[in-house]
Amino acid sequence: MKLLQDIKLMFIRNVQHTLRNPIFMFLSLFQPLLYLFLFMPLLKNLGGTPGLPAGETVEIFIPGLMVMMALFGSAFVGFDLIDDIRSGVIERFLVTPVSRSAILWGRVLRDASVLLLQVILITIVAIPFGLNVKFEYFLISLPLYVMIAITMASMSYAFALMYKTEDALAPTINTITLPVSLLSGILLPLTLAPLWLQNLAKVNPFSYAVNASRALFTGNVGGPDILIGFVIVFLLMSIMFYWSIQELRKIEE
Amino acid sequence: MNQNGDFIIETTDLKKTFVSKVKGKRNEVEAVKGVNLTVNKGEIFGFLGPNGAGKSTTQKMLSTLLTPTSGTVKIVGYDLSKNQEEIRKNIGYVSQAGGSDQAATGYQNLILQARLYGLDEKTAENNAKDLIKHFQMDSFADRPAGTYSGGQLRRLDVALGMTHNPQLLLLDEPTTGLDPQSRAYMWGQIKKLKEKGVTIFLTTHYMEEADKLCDTIAIIDNGTIITKGTPTELKNSIGADTVVLGFASDDVAEKAEKILLKNFVDAKIQREINILHLQIKNGDGAVPNILRLLDTNNFSAQSITLSKPSLDDVFLKYTGRSLREDKE
Ligand SMILES: Nc1ncnc2c1ncn2[C@@H]1O[C@H](COP(=O)(O)OP(=O)(O)O)[C@@H](O)[C@H]1O
Ligand SMILES: [Mg+2]
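If you read the protein sequences in the order shown, they are chains Z and X.
The first sequence lines up with residues 0 to 252 when you count with numbering that gives the first Met the number 0.
The second sequence lines up with residues 0 to 327 when you count with numbering that gives the first Met the number 0.
Each hint should be verified, as a subset may be incorrect.
Residues from chain Z that face chain X, not an exhaustive set, calculated with beta carbons under 7 Å [unchecked claim]:
id, residue
1, R12
2, R19
3, I22
4, S86
5, G87
6, L93
7, T95
8, P96
9, V97
10, R99
11, E251
Cβ pair distances, simulated, as ranges [stated by the list, open to error]:
id, chain 1, residue 1, chain 2, residue 2, range
12, X, K132, Z, F23, 55 to 61 Å
13, Z, A167, X, L305, 42 to 48 Å
14, Z, K1, X, G51, 35 to 41 Å
Source of the hints: derived by calculation from the structure; they are not laboratory data.
In this text, a Cβ means the ideal position worked out from N, Cα and C, and glycines have one as well.
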């Protein structure tokens, strides 16, 4: 099928682009590693407080860290797209018969792949720190992070296509990512938070993603958290990707 | 395929108005205000005009990149509003920005481009090698495009536009920013493409480029075509050429002036000491007659130069401004 072929071509092009400068892929691992080495030990001693059972602090913390990586790692990919817009690469693609959506699919799938690689690396590093997660639950959690990455990447691309300048993109992305991450209980479970903060977090779709991620890592798979998290993230991803395609089409208006 | 005979592009009252919001206020820019033009198959058509005239906007509409606000376009035999897919397969477009991937090598750029047009891997490789040969890119095709000189980069851009062997190639300012040598080289390449049967539609703000390279020119200013024709037609429309004659002394010049005035009644003559300036129609034809006339009267001119009106004079006549002033 033409669309799949186009997506493949665009995906390979973007992967090659990333591989030409692999250092950036690893640089973005630096922050999560710092959290792992310098922040997680603090939590160990907090174990036993509500929402943070002793002996499970690692399984509570790591899934939050995964969501944080998916959120932040993909939030800034729009800068790369602005480069391509400015150098005329996107216009060149648009005058070929290539499918419009493939231009964006090729990018978000690359972003998702980079994130997958990072998630796997962090998981391996976390095992000596006492991470104890069932392998099948870990596998199930991967599509969740992929969808979060695609959501954030699509949003970043949509803003990039809308603004076409870095100056406008940077503050917008920062303004969105910070409250979204603070209100999702990424670093500490929201059960520690006062009630008003917990209620505020309920409007943040990513707090449900964190809940789902934690349910999988701690093995509490009985409740509805996992399904809710997956459904919400899936819907958000669909909306964001659709929006980015609309913004791409607007270039031609 | 081409139902409208010889025209490869035909636009009727083509308009583009950009609407944007600036600080909440609706802001309209009429970039193209009703362009009617026809481009013949096989010619090099030049769109000449100052910065901001609407050249790029017009080309982006023709290349399917921008939707016209109104008007109709027939291009490579298809209706722009209906057959965009077919049009994309039949035209090449090289934007002002170029559009090559700076991090990839020239070869990689060409391969991806060919694959996007649906060529399989093997065909794409052969195609890339042919283009590298045709545009003489062998010595740098395996380096990242980001390391190319301006002229080399432009060659890659044009090669990318020619990847699928289109019958029509749109070039937006193909030589802007190039040094004279690279510009001359690019002109050669464009002529070579014409010889292969490709129709070229280029934009430029260089008069010399329009004059030397193009078969037909349309001059655009402020979103409107102000005049069109072959370079010669346009310059002839200005009327007079200038013939400058130099004589041994002012005395001789004065006598020569009298004789010339008697014989060339339409000419306007001005004398500057020993030099005569003749404003005369069809200077090419007049020069031999002038020489013969002077000869039979035993005057000999020490120097004679003929200068034709330039496209700048044409631009000046219609707009009251010089195109040169707009150069960056
Ligand atoms: N996307 C846009 N939004 C608003 N105005 C635009 C846009 N693109 C071009 N213009 C304006 O339209 C006019 C024509 O621009 P352009 O076609 O690029 O001129 P040229 O290529 O002849 O230099 C200019 O005044 C330019 O500022
Ligand atoms: Mg332009």
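Discussion item. Taking the earlier hints as the rules, which of them does this structure contradict?
Written reply: 3, 10, 12 and 13
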